[in-house]
Amino acid sequence: MQIFCKISKDLLTIVMDKEEILNSFYNLNYNSLSSYIIQACPFIPEGKELVFNTIENIARKQKEFSVRIVEQMEADDMLVTSFAYPITMSELNYLSIEYLHQVLLNELKAELKQNFAFIKELAENGEENSVALSLLEKGSGMLGDFIAMLECNV
Numbered sequence: 001m002q003i004f005c006k007i008s009k010d011l012l013t014i015v016m017d018k019e020e021i022l023n024s025f026y027n028l029n030y031n032s033l034s035s036y037i038i039q040a041c042p043f044i045p046e047g048k049e050l051v052f053n054t055i056e057n058i059a060r061k062q063k064e065f066s067v068r069i070v071e072q073m074e075a076d077d078m079l080v081t082s083f084a085y086p087i088t089m090s091e092l093n094y095l096s097i098e099y100l101h102q103v104l105l106n107e108l109k110a111e112l113k114q115n116f117a118f119i120k121e122l123a124e125n126g127e128e129n130s131v132a133l134s135l136l137e138k139g140s141g142m143l144g145d146f147i148a149m150l151e152c153n154v
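All letters in the sequence shown, in the order written, are residues 1 to 154 by my numbering.
Mixed in with the good hints, there may be bad ones.
[What the hints assert, rightly or not] Heads up, simulated DSS-like pairs for lysine-lysine below, C-alpha to C-alpha not over 25 Å straight-line:
1) Lys138 / Lys113
2) Lys138 / Lys48
3) Lys109 / Lys61
4) Lys113 / Lys63
5) Lys113 / Lys48
[What the hints assert, rightly or not] Label pairs and their computed distance ranges (CB to CB):
6) Gly47 / Glu71: 17 to 27 Å
7) Ser24 / Asn53: 27 to 37 Å
8) Gly47 / Ser130: 16 to 26 Å
Honestly, the hints are just simulated from the structure, not real lab data.
Ideal Cβ placement from N, Cα and C applies to all residues, glycine included.
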């Protein structure tokens, strides 16, 4: 894994290589907040089952998409690095699904913003037509769909 630094207008910017970007993207999907919520034994009041089902559907789609990322990385002879869930997620156990719904919505919006930064990074590094860029673009579309699904369940 190579991390390059470039200096522009007195600002040091860390430039990630394709492997690091894909590993980050893989981990965001494989160890997603939606997946953690499903395992966190949330409190689901009567009438909020649809919210839980939506989050469960999002978690399943993110896990499936993470497999596609791994397949591409292996095809490109890249090392796949898996990380555990962030420790801060452990604070989300046993909370209400209504609260977790809003937390997930905010997280997905932040991930979408990060994906756009990854896409820009790859495009600036000559990867305009790469499969990696295509995966990130597809993932961004999925995130947009997930956000719309969650916003419909408010």
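Q. Is 16 to 26 Å right for how far apart the beta carbons of Gly47 and Ser130 are?
A. With a Cβ separation near 45 Å, Gly47 and Ser130 fall outside 16 to 26 Å, so the hint is violated.
Q) Do the alpha carbons of Lys138 and Lys48 lie within 25 Å of each other, as the hint requires? A) Violated, at roughly 29 Å.
Q.
For the hint 27 to 37 Å, verify it against the beta carbon of Ser24 and that of Asn53.
A. At 28 Å between Cβs, range holds.
Q | Pairwise hint evaluation, Lys113 against Lys138, where the allowed Cα distance is 25 Å at most | A | Given pair Lys138, Lys113 holds - Cα atoms ~14 Å apart, limit 25 Å.
Q: Hint says 17 to 27 Å; check whether the CB-CB distance for Gly47 and Glu71 agrees.
A: For Gly47 and Glu71 the Cβ distance comes to about 40 Å; the hint is violated.
Q: Mind checking the alpha carbons of Lys113 and Lys48 for me, to see if they're no more than 25 Å apart?
A: Violated, at roughly 28 Å.
Q | Holds or violated: Lys113 to Lys63, with C-alpha atoms at most 25 Å apart | A | Between Lys113 and Lys63 the Cα gap is close to 20 Å, so the pair holds against 25 Å.
Q) Regarding the pair Lys109 and Lys61, is the alpha-carbon distance no greater than 25 Å? A) holds, 17 Å
Hint compliance for this structure: hints 2, 5, 6, 8 are broken, all remaining hints hold.
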